[in-house]
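Asks: Residue numbers (full-length UniProt numbering), protein chains in the order written: chain U, 1 to 531; chain S, 1 to 807.
To be clear, the hints were calculated from the coordinates, so they are not data collected in a lab.
Incorrect hints may appear among the rest.
To be verified - Just so you have them, the derived chain S footprint on chain U, three or more residues with Cβ under 8 Å:
hint: 1; segment: 16 to 23
hint: 2; segment: 435 to 447
hint: 3; segment: 468 to 478
Glycine included, C-beta positions come from ideal geometry on N, C-alpha and C.
Given next are the chains, with one letter for each unit.
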Amino acid sequence: MEEELRVRLNEHQVSKVFPVKPKSTAKPVSESETPESRYWSSFKPHSVPNLVSSVSALAFSPVHPHSLAVAHSASVSLFSSLSLSSSRRFSFRDVVSSVCFRSDGALFAACDLSCTVQVFDIKERMALRTLRSHTAPVRFVKYPFQDKLHLLSGGDDGVVKYWDVAGSTVVSDLLGHKDYVRCGDCSPVSDSMFITGSYDHTVKVWDARVDKSKCIAEINHGLPVEDVVYLPSGGMIATAGGNSVKVWDLIGGGKMVCSMESHNKTVTSLCVGRMDSAETRLVSVALDGYMKVFDYGRAKVTYSMRFPAPLMSLCLSPDGSTRMIGASNGMVFAGKKKKKLSRDAGEKKSLSLWSVRGQVDETRRRALRPTYFRYFQRGQSEKPSQEDYLVKEKKGLKLTRHDKLLKKFRHKEALVSVLEEKKPANVVAVMEELVARRKLMKCVSNMEGSELGMLLGFLQRYCTMQRYSGFLMGLTKKVLETRAEDIKGKNEFKGLLRNLKREVNQEIRIQQSLLEIQGVIAPLMRIAGRS
Amino acid sequence: MIRGGRSYVTSPPSFSNDAKKLLVCTGNTVSVFSAATGLQITSLEGHTAPVTTLIVVPAASSPAQKILCYCWTASLDGTVRHWDFSGPELLKTIDAQLPIYSMVIPSLLSEPQVQIDKRRELSGKLVAYVSVEDTSVVKEGTKELRGHIRRFNLAKPRIPRGDTLKETEEPESIVISPSGEFFGIRHKCKIHIWDVPSGGGSRHAVSRKMTLHHSKFINAFAFHPTERIIAAGDVTGRVLIWRGFGNRKLALGNQKKKVRAMVDLDNAGVRGEDDAESCTTWHWHSAEVNVLNFSSDGAYLYTGGREGVLVVWQLDTGKKKFLPRIGSPLLYFMWSPDPTLSSVVCADNQIHLLKMPSMEILRTISGIKPPPSLPRMYEGLASTVAFDRSSGIAALCTENYCVQLYNLLNDRGISEIQVCERNHQPGDEITVVVTAVALSLDGSVMSTTEVKLPEDGIGGLVSLKFWVSEPHSKTFTLSTIVYEPHRDAGVSAIAFHPTRSMAVSTSFGGDFKIWVCNSDKNQADKDSSWTCHAVGSYKKKPMTAAAFSGDGTVLAVAVENVITLWNPDKNILLSVLGATLTPITKLCFAGTSEFLVAASHFPRPELSVWNASNLSLSWSYGLRIEAVTSAVDSSSFAVLALIPKSFRTDESKENIFRSRDGAILLFNGSDPKPVSIWTVMKAKGGSISFLEGDKSQLRLAYVNGSHEYVVFDPNSDESHERSAVDYDGLAGQEETGDAGYTSLYGQLPDYDKKRMEDAESLATPFVSSERPWETIFSGSTLNFPPLQKLCAEFFESLMEKRTAVVE
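Let the hints inform the model, and build the full structure from the sequences given.
Replies: This is the structure we're talking about:
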């Protein structure tokens, strides 16, 4: 304590310089910059040409380079993931409702409202197989996780079909849903487990190995289910229906783990996103135009972003570098991350190059002679080694121009120089400092024509701004009073004064209408307080 | 009992011969500080009145003698003492019988120490020139010449009345030349200079005198160490340099050497018949010059004054160097035997040690800073002192927009927190005021309010700041700034919740706001910020005071003359306590009990105690209350009351009160009889607080209007006895009027209950209606306790009783 005190007393310095600082503004209570939000906002928007109508489905190929299939109206477009430009287009008879890549990325399946499911090679225009058995529009089609031979589909007839693709035959009809089947997903851990969601509010879990075509578990979401997705562990699923997203534990007997109800309209699509830290998040989009990132471990919405259209579909690329969102008006909001890893590798390469050069330099440096210019710069860029004792140079306080002028008591020049900077917060701070020195009115009365014009321009622009108005309104009045003679005749001030008058009148109108609103609200508040 | 807060700046300090110690006059004692650490080493105690002069006996240049640690002191108690301050040990006391304001001993300077000792043994003479105040010769009606300059022989233990050289209206301080040849005083626009009779001075050797004139009042002057040069500073900021003074009148005595025996009438700048070759004027200072000192080799002149800038002039060329922004008027500048060290003394009770010649401030010996001067509108409303009850640290607002943390228990400044980022320039108009400081009960959070006064109605700004303590460095860092917390209305009071991080601020604009700290558990401490939790108002009336109850469940807010009780969490008005006669200015819950103490002083002072459980007035007194505090654990509380002037100046009591204008009364819960009473000095602007470091020991701290303080145990007999001793010891000094740091005087004997009742019954028949304290209580009788319990009579009875006891 004694030692410490001594150090403190020694540090005491009387002479200090305080630069003029603008008032600090209020910061949001919650931290705006979390690592989470930094990750999700780092997808840089990419423009993608507008598509014709609602983007009903999006799918990324599971293998590099992760090409993208976009289903819109009666066609599926293949996009390359690097340039995000359309490379191939497949036509259908009716509106395409769902699209899905096979695990090796060579084939994809798509279904449309004409009751068919078709399988394409990504390199060929014609369908390889056309699977016909559904009696109503097909709503979803899915390849099992690793299985290349089977397909799963469901439609408005309420039947879920398990297909053998090679023979174009139905292996089993899975019956049980009482309404349209809208969505489904295959388990990431088993090729024969899948879930389907339907408008009858239920999600059913199926097992292809069980013969009896009966579901092995059932979950009631409580609202028509729009989308279901397996979480990466395979033991949990997430369901979207109505405004809510719910997370269920399948292994634990279908108990609800948590639910997220921060969307305002129907949630249309779900996707599992993987962050840098290998944590996974549930990403959802809804018709209210919001994308929300839900941390189901902590049951908390960690990021939310608004788009200017109702959103229909969502997909994140498996390497986490691209985020695609399809909207109901045909817009595709694409986001891409900058590639960090590859650049790091590039830097390493260049570093190794440099080190070779460095050795060469070393041999050259030894031969430096006073005749060389570099001789006089030698050792200037030397870095301290670890055992060196560093003597730090005292860092001088950086003073801005108006601070230097204020320090020299050149008050008017300081005010003029800060007015030229066009930073209102700084101007007000300098004015407040001048008030504290009792010099502001003196400055105003000493101002010449053009400087006065600058001041009037500033006052006109900012005197009704809420943050500064308390100070600037009084000043404006004083300036007009004291410099009335100089302002009156001049043509150049006419426009400024007219604008100022208009601003003030507008502000008065706003205040009046606010008072009216307050008059309406006050009795209501009183009543609310009484009850 | 701990006393402290003495002024370090009443008279110039002095370095020891090895420059490792700094001797400072602190009231009745001389404190010795270490120049290396800035901490106090020891003190010389013995004088019974403030020490006015301190002369360290200079040593010859040989290193062996550098360790000599002798000094002379002179004091207002009329004694001159000789000390060995390494001991410390009192060697000799000489009684001069008159209060000494200044003293010089020329022979110490002119001759080496060894020779002096020898000669003193031989001739038994050591001549000193003193400035004394002689009140005995003053007659009524005549022009009073109380200040005398006299010659004393210090070799004798008791001094007869010495020769008087000069008489002035007030005692002046004597300045001596570093060579010991001349000494002089300033008197209005003149400087009187005498030369010292050489040869040790037989008793009858006459000192010759000369006078230099100027057109303005002279504030300070100094002699050049080797040449005949005098520098003087006047009230307008001019520095005058007279060269070659006294060539005619003070021609070197013994040698009879006529340097220049001519009469040059065209001596440049010299006024009239003055005996000097030339006079030059330097004008840089904008305000009066208080500090003038030549460097030891005579090449430079140090000047300083009210504007707080130390200027170094090169004597030959007039070139200047500055140490700006010291932030307080300079009072003295002292150089030390070590050429790299000097000290400058400021009016805000700080002694800065400077590293020469770069003039950096090495360290500061920091006394308690004097209270800030507030604009009139904030007088009485500002609460500029707050206490950390557990560690005994006081937070005091200072003039330079800082809050000084001062440890009351070991009388030492800890740190200073810049509340408002501005440099203070002494002498400028006050435009920014720190109006209030408050500390939370555990001392971890501090809150301050500052007001920027508007210019011509433009740009006034009130801001409220919350600071959190840094646990290791004992200072505070800014956590939150709230601009205009109550729109443009001023903040009238801040109070902290006793247990949680919650605070309330009340405003004259008619609302109060509850602030909570929203530090998230996950986040680091520095991220915590204070946000408004609730706003409340009562009939749009100005709110003047606030207090939390002991457990923090009830918030009491004074609204003019009623008290509103709120639930601070839910912001619900619980109830309203009936009206006092005048607006309430202070509120305090009496510890854990249900009693609420309210004080109001304008226009009619009142102290009232309310029972919060049955919402009724328990009792009240017509006392002007300056401060209220309550203990946390018990139900006792203490108030600092100002004693009405009419009561004090009553003839029968004059000898009891003397210059004491206040009293601390300790009450216990609902009992209207004070447990004990102490009378104090300078109570106006003072404040009190309980300090409870450990549970067993409850202490009461009192800081008076000029920031001197005392910490004592209100319950123990020991402190009573010690204070009684102090009372006796200090009784003599009070006539002198500026009794430095003394603030607390004897405790009244504890009366047992029976005696008290006797006193009361005795008191009642004495009461007659023309006594002023009677009329104070004329009001609605419903509001008052029974008449015989009213305070004034009670007081009076006590006082009567006490005189009886004393005599």
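Asks: If you test the structure against every hint from before, which numbers come out violated?
Replies: none
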